[in-house]
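Residue numbers (my numbering), protein chains in the order written: chain A, -6 to 240; chain B, 133 to 407.
Think of the hints as simulated: they come from the structure by calculation, not from any bench.
The beta carbon of each residue, even a glycine, is placed where N, CA and C say it ideally should be.
Mixed in with the good hints there might be a few duds.
Stated by the list, open to error - If you anchor each label on the Cβ, the simulated ranges turn out as follows:
(1) B:323 x A:97: 23 to 33 angstroms
(2) A:142 x B:236: 10 to 20 angstroms
(3) A:69 x B:157: 21 to 31 angstroms
(4) B:135 x A:-4: 16 to 26 angstroms
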Amino acid sequence: MAPIIEAEGLGIRFVRNRRRQLRLRELFIHRGGRRAASGQFWPLRDVSFTVEPGETVGVIGRNGTGKSTLLRLIAGVLIPDEGRIRVRGDVAPLLELSAGFSNDLTGRENLYLVGGLHGLSSAYLKRHFDDIVEFAGEQVQRAIDTSVRHYSSGMKVRLGFAIISHLPHPILLMDEVTAVGDAEFRKKCYSTIDRLLAEGRTLVLVSHNEKDLTRFCRRGLYLDGGRLTVDGTVAEALDAYHAAVPR
Amino acid sequence: MTAGVAALWSHRNSLRILVKRDLAVKYQQSVLGYFWSLIEPLGMGAIYFFVFGVLYSGDTERHLGQAAESYPLFLVTGIFAWMWTSSALSEATNALTGQSRLITTMNVPRQVFPIGRVTGRFAEYAAGLPILFAVAAVYAAHGKIHPGWSLLALPLAVLVQATLLVGLSLLLSAVNVLMRDVERFMRLIIRVLFYATPIIYPLSLVRESALPGWVKVAYELNPLVGIFQLQHAIWYPDEFPDARLLATTVAGSLLALVAGWWAFRRLEPAVLKEL
């Protein structure tokens, strides 16, 4: 079977304080090139790996080593400057706690908006509306017709996760989902992720929580300074992490 | 480009959702709701009618030709189409900056955001068309206009205008992320365009004026000139643009679309990093 995620020499370059340096001409005619590498840095570079369908991958690394950037590249909301990434199949991303909600819409409207943009039909959403809201918990259920502005971050992540977990997409991307949310919600998250993985989905998880990582992931990628230094089991990646960060 | 268009087509549902969302947000907090999209252009029409149809009526009528006896219709036709243009351009400019949350979490072709703004404003324009036809029906009943085949200028005008607006909105939305000044600048540009386009006055006024030749040529290079001539030609066949103007307009609009699409693709990586 062809790998479901394939990264080849992946790299992306950010520029600090870019706005002050920007010239339209440079942007169109030649990007990079002549200009000295002033304030440029590569959050990720030379990253190559493949993920087979059904694999569970934990991405491990210290803060600012490009974990979230990698997830965004897989999700297709960033475009690499070097190399390429090929993803075969739809992606269900939970990249931000807010899950892309618009503050001025109610929970109900956001559910239809975000669910719809993720590719769910409105008929499907209507049918599963009660399920989704119930999954998100009693608090959200009560506030479903008030604007998301008034939601706590816990409520937002609950609703976001409830939507994402209803997507049929084969690839799940999660960035620190369980960091907010109380114990009860975490339990629900765990059983849902277990269920989704049992269906044979592919998971890429970014987390600092070792328990989560060892629980869900068999494979580990350890990122250091924007480079992929360990690609092995999750235990090996965690060892590398501990070697770098004394406990 | 074809691959991009195909991807866009497969996400037309996203486009629909975004447009619905925009309209819902826009009207949920106002009592008059949809009527605002009528009151504003009609109010503007009344103002211009007062100035040019009443105060300067002598001058105006001399140049209007076929439209001399139905200047309000001439005005309303132009202003309805103008509202679509101006609101689409100003709203498309912040289509990406204003929705960065969605864009950075959702993998949909980014083009849907600016195109959605153009579509949303088109929906308002379409919703106003019955009013336009009602006004025209009154003048037709009095024998002031004689609509016929010229009505076909409407779909043509809409098509060309949509092409131009989509192209410009792609360009403006992407550039605005990298240089927020564009947003402010656009307010001025839109005001200039309003007077640099035959919306409230007939094109013949410019053509017969004493302006130097090169100014007239430059004036007609603006694709909006031909588009608004097409709009006016719905009721006044004499206003139908000549071959040269029509060719300039269509070519200019297509160029805007291709350039906008290309620029958007080109700027997309930088835009996504910036958001």
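Going through the hints against the structure:
1. At about 28 angstroms, the CB distance of residue 323 (chain B) to residue 97 (chain A) agrees with the hint of 23 to 33 angstroms.
2. Checking the proposed 10 to 20 angstroms range against residue 142 (chain A) and residue 236 (chain B) shows it holds: the Cβ atoms sit about 19 angstroms from each other.
3. Between residue 69 (chain A) and residue 157 (chain B) the beta carbon distance is about 26 angstroms. The supplied range of 21 to 31 angstroms therefore holds.
4. A hinted range of 16 to 26 angstroms for the beta carbons of residue 135 (chain B) and residue -4 (chain A) is consistent with their spacing of about 22 angstroms.
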